[in-house]
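Novice: Make the full structure from the sequences, and use the hints.
Position one of the sequence shown corresponds to residue 301 (our numbering), numbered consecutively onward.
Be aware that a few hints might be false.
Okay, derived cross-link-like pairs now, SDA-like style, lysine to any residue, Cα gap no bigger than 25 Å in a straight line [stated by the list, open to error]: (1) K383 / Q365; (2) K425 / L305; (3) K376 / D340; (4) K383 / Y303; (5) K428 / H324; (6) K376 / R310; (7) K376 / P361; (8) K376 / V412.
Here are the simulated distance ranges between beta carbons [what the hints assert, rightly or not]: (9) T348 / E391: 19 to 29 Å; (10) R429 / G343: 30 to 40 Å; (11) T306 / H342: 27 to 37 Å; (12) E371 / R429: 33 to 43 Å; (13) E369 / D307: 14 to 24 Å; (14) E387 / N311: 26 to 36 Å; (15) D340 / R429: 27 to 37 Å; (16) T348 / E304: 30 to 40 Å; (17) E374 / Q424: 17 to 27 Å; (18) Q315 / Q365: 16 to 26 Å; (19) W372 / R310: 12 to 22 Å; (20) W372 / A312: 18 to 28 Å.
Read the hints as simulated data drawn from the structure, not as lab findings. Since this is a predicted model, take the numbers as computed values, not measurements. We put the beta carbon where it would ideally sit given N, CA and C, even for glycine.
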Amino acid sequence: MSYELTDTERNAALQLNADYRYDHFISKLVEHEELFVLTDEHGVMMLTTEDEDCIPVWPHPEYAQAWAEGEWAECKPQSITLKVWLERWVEGMEQDELCVAVFPTPDQEGIVLEPADVADAVAQKQAKRG
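Specialist: Here it is as structure tokens:
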């Protein structure tokens, strides 16, 4: 179950640039041990950048839902626990040569990274929280 997202927090997060949204994403992922992707009847939605195919991820279902417009309007946010993400998704995405698009917004792209880089950032954040 996702945490309560206030209007103030939502608006503040959406004003952040991609680097700060990435940091926000990692913090929320470690704190709540959950992230969100968009899915439809065909599975998880992917983006194609000039160089990469990626799966966009968000720290809260409201951010994902806000992004699901136009051709993505049929998509619904789906929760993935941090444990499942680290145990299954990271390796699977690497095998499929997929990247992660971290916390894109309707107005801005997210940072595109290798899944292992996101996993490393999570591990570093967890170590700091110790």
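Novice: The structure should be examined with respect to each hint, and the outcome stated for every one.
Specialist: Comparing the hints with the structure gives:
| no. | hint | verdict |
| --- | --- | --- |
| 1 | K383 / Q365 | holds (23 Å) |
| 2 | K425 / L305 | holds (21 Å) |
| 3 | K376 / D340 | holds (6 Å) |
| 4 | K383 / Y303 | holds (17 Å) |
| 5 | K428 / H324 | holds (15 Å) |
| 6 | K376 / R310 | holds (18 Å) |
| 7 | K376 / P361 | holds (9 Å) |
| 8 | K376 / V412 | holds (21 Å) |
| 9 | T348 / E391: 19 to 29 Å | holds (22 Å) |
| 10 | R429 / G343: 30 to 40 Å | holds (33 Å) |
| 11 | T306 / H342: 27 to 37 Å | holds (33 Å) |
| 12 | E371 / R429: 33 to 43 Å | holds (38 Å) |
| 13 | E369 / D307: 14 to 24 Å | holds (19 Å) |
| 14 | E387 / N311: 26 to 36 Å | holds (34 Å) |
| 15 | D340 / R429: 27 to 37 Å | holds (35 Å) |
| 16 | T348 / E304: 30 to 40 Å | holds (34 Å) |
| 17 | E374 / Q424: 17 to 27 Å | violated (36 Å) |
| 18 | Q315 / Q365: 16 to 26 Å | holds (18 Å) |
| 19 | W372 / R310: 12 to 22 Å | holds (19 Å) |
| 20 | W372 / A312: 18 to 28 Å | holds (24 Å) |
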